[in-house]
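Visitor: Below, each chain spelled out in residue letters.
Number of protein chains: 4
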Amino acid sequence: METIRVTVWGEFRHEKKNPQVAALYPDGMHETIAAALRADPRFSVRTATQDAPEHGLSEAVLANTDVLTWWGHIAHDEVEDAVVARVQARVLDGMGLIVLHSGHFSKIFKALMGTTCNLKWREAGERERIWVLEPSHPIAEGLGEYFELPQEEMYGERFDIPAPETLVLMSWFKGGEVFRSGCCYTRGKGRIFYFRPGHETYPTYHDANVQRVIANAVRWAAQPPSPKVIFGNYKPLETLE
Amino acid sequence: METIRVTVWGEFRHEKKNPQVAALYPDGMHETIAAALRADPRFSVRTATQDAPEHGLSEAVLANTDVLTWWGHIAHDEVEDAVVARVQARVLDGMGLIVLHSGHFSKIFKALMGTTCNLKWREAGERERIWVLEPSHPIAEGLGEYFELPQEEMYGERFDIPAPETLVLMSWFKGGEVFRSGCCYTRGKGRIFYFRPGHETYPTYHDANVQRVIANAVRWAAQPPSPKVIFGNYKPLETLE
Amino acid sequence: METIRVTVWGEFRHEKKNPQVAALYPDGMHETIAAALRADPRFSVRTATQDAPEHGLSEAVLANTDVLTWWGHIAHDEVEDAVVARVQARVLDGMGLIVLHSGHFSKIFKALMGTTCNLKWREAGERERIWVLEPSHPIAEGLGEYFELPQEEMYGERFDIPAPETLVLMSWFKGGEVFRSGCCYTRGKGRIFYFRPGHETYPTYHDANVQRVIANAVRWAAQPPSPKVIFGNYKPLETLE
Amino acid sequence: METIRVTVWGEFRHEKKNPQVAALYPDGMHETIAAALRADPRFSVRTATQDAPEHGLSEAVLANTDVLTWWGHIAHDEVEDAVVARVQARVLDGMGLIVLHSGHFSKIFKALMGTTCNLKWREAGERERIWVLEPSHPIAEGLGEYFELPQEEMYGERFDIPAPETLVLMSWFKGGEVFRSGCCYTRGKGRIFYFRPGHETYPTYHDANVQRVIANAVRWAAQPPSPKVIFGNYKPLETLE
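Chains as they are written, first to last, in the numbering used here: chain G, 241 to 481; chain U, 241 to 481; chain V, 241 to 481; chain C, 241 to 481.
Just chain G, with the same shape it has in the complex (with noise of 0.2 Å):
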């Protein structure tokens, strides 16, 4: 796979609310997201947004798209079903898609795991400190074997989730929680990454290890075609004699 074709998708509305939110990003935190992906000459990255027609996620864009970040918070239930039902199927048949913190809430991310996906939290801008389980996993590729965020919402467990098929960090935050903060899945054909950090008042999107494992999740995630599978009524049986 040459380019990989990379959907940063945002809800964009503490950013137009919330002077704190606004002087950190600008221009939103899918722009500073997308930036970063910028950097790899390999990604062709746009962005979209809640706030636009089909939440500037039409059977187009997804078609064109290998693999898509999603960031959400407090507008989960206006993200329509018909788009949120197109995200999924296009995840089944392959395309990438990476969960932001509180995304964990989605309708996209409940709807591909079964579960309530719910957790505890804490906003005290606390030490959060990522372990690096896997060291081998692309995932952590050119980390080290931890990275730290100075200022940080707690996420603590349990988190409802499906085991994942693969834990590669695991955080530590000061206040004495502990949490699954990367986490891999297949559904479909599709992979699946869940990254924890990413409170909207704090510069997580700036940080240089954040935007690392993003990267690296994209690149993961994306994958060439694979063989079409049929399903169905199946009549090969004869072809055994």
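I should point out that these hints are in silico values taken from the structure, not numbers from a laboratory. Take the hints with a grain of salt, since some may be wrong.
Identical copies look the same in the list; a pair holds intra-copy or inter-copy alike.
[To be verified] Cross-link-like lysine-lysine pairs, in silico, DSS-like; alpha carbons within 27 Å at most:
1) LYS350 with LYS475
2) LYS414 with LYS468
3) LYS414 with LYS347
4) LYS414 with LYS257
5) LYS414 with LYS475
6) LYS257 with LYS468
7) LYS257 with LYS347
8) LYS347 with LYS256
9) LYS414 with LYS256
10) LYS256 with LYS468
Here the structure is a predicted model, which means the values were calculated and not measured.
Following the hints, position chains U, V and C against chain G.
Guide: Just chains U, V and C now, with coordinates in the frame of chain G:
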């Protein structure tokens, strides 16, 4: 857990329309399944069918069900979304769920898996040999290395499910296909088992090995209440000093 | 399975040399662990120690053991390879194995895992908080969302083990590390549980939650005999016609 | 990673003794496997055989090998333990390992799996159909839904291995058996793939699909160097204040 409260749910449509099915299951497949389960005095078994009010799955019934078994086929779409959501919530809260045969396409299984749950099929009354891949798993207790069904509908891979947490049984079909026939999952606090055999035109649910697998699966899926998990805003930071 | 026959194995060296350890465990750590298990009338508990003939693990002892617990530290290399091979064979044949703390570096655990089982450590008597990731797992039964040990040796990731089949417990350390503290495996017909806490200079095995986890793990790892598997040359081809 | 350095290891005994095998593989199975791999210009391929000094697997050879493939059968016991330990250490440090057919009983595979790796077998030249369970896995790239080998030795379940992290391929045999034929593992930093076909009396390694699977597996198992992991006594506690 002394008594395991089992609800055997049946679509109960084929039996009323197709004399061949009615001959095999005069009171419905669900009653045959339930009768076999009643051989274990630890089980308290009731049945419920799709055409009862609320599909027989009121809040009260589910609250008093430790394990639910599910067989449906031609009327999946008629199951109300509100009941599906109720069953899903109860599974995530700890109820076991045994999904049988064509139940792979039920709304509840698809909602819990997040995938299409599609597969190949062929109605040719061909021999199925079901191999035990994990002989020490509780669901395999009392089985031999394999058991056979002389006539069954074929289901073939690719079966579009998340990779099972434990793959206990694997089917071989005379016509040349294989199928993941016994698949274990945990979702939320609930345990889920998919078990392949059970086409309505064959006497599958009268088979002693099939009955044994279902009973084993009920015992495996039944769990004592687990501690309440605290979700949401969480403040014990100060206790750490 | 009515009675579960447990053998609690201890290296029993620190207790004889270090007065601090002897004060905590006058009869050895293994006797403290065994005494706690005896509170369950379903358990029939014996102990064995490294300096007994055959390390206390004769063929007869193993044949009459359903679950073996293992604590070793400074004398791993003195455990005879023939005894390790005997224990491994018995695990693969269905005996449960609970590996405690520094047992991560035992010959038997490394042989069953195939990896170095290496990790970080620090003896600083720091606070450990052990979180339950899977609240409905039998090994978590009766625990709260977490429990704490006021003073323990730190173990930190990367823990060089195969990814656990089920990751039940995760440790948080005051000093900034996380660790996979409760790890389930199946090898052959046997179930294996690794449980982190238990440095000899702390009263960890007197802790009620630690005792509960070990007892839960013994119940989880004990299994009824499973059917004999046929290996080798296999000829039933003709039966298929 | 630009070039992938592959070492194809062969026992190379049958080819010298059995004219039927020699006719199929005049230069040895390893040379047939190597020749097929050389079709990919990214691969730099050498071969090594059991009867060379150090079995052809010196420290220098292993240090310059990204992926090792292994075929052995009648002389597993003659492989020196020191070489096995060296290969195991190199896998745990990141080298890929592709274990072929009767290599299931090699010392290196058993050491990495921790189990007996036993199975059923039958030499009856019967038809094998290998199904793709995970069509989007890189090892399945370019395959159809299944491929067939007209004549192969049967291997049947129970295959006594740890449950694969990913089960990519599943075999169906005309005689009534199934087998987990394509099994992925991670051990340490290394990736391991077991691939079933390849009995010496059949032209299996001349088959285009078999060659494709091996090449795909080499690409999947080759990894860039991952960061050094610090093990042992670890002191950064003070940095947290």
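Visitor: It remains to establish, for every hint, whether it holds in the given structure.
Guide: A quick look at each hint next to the structure:
1. LYS350 with LYS475: For LYS350 and LYS475, the Cα distance is within 27 Å only across copies (25 Å; inside one copy 36 Å).
2. LYS414 with LYS468: between (48 Å within a copy, 24 Å between copies)
3. LYS414 with LYS347: neither (30 Å within a copy, 36 Å between copies)
4. LYS414 with LYS257: neither (30 Å within a copy, 37 Å between copies)
5. LYS414 with LYS475: between (60 Å within a copy, 13 Å between copies)
6. LYS257 with LYS468: Classified as neither; 46 Å inside a copy, 36 Å across copies.
7. LYS257 with LYS347: Result: close within a single copy only, 23 Å intra versus 39 Å inter.
8. LYS347 with LYS256: within (23 Å within a copy, 39 Å between copies)
9. LYS414 with LYS256: Close neither inside one copy (31 Å) nor across copies (38 Å); limit 27 Å.
10. LYS256 with LYS468: neither (43 Å within a copy, 38 Å between copies)
Of the hints listed earlier, those the structure fails to meet are numbers 3, 4, 6, 9 and 10, in rising order.
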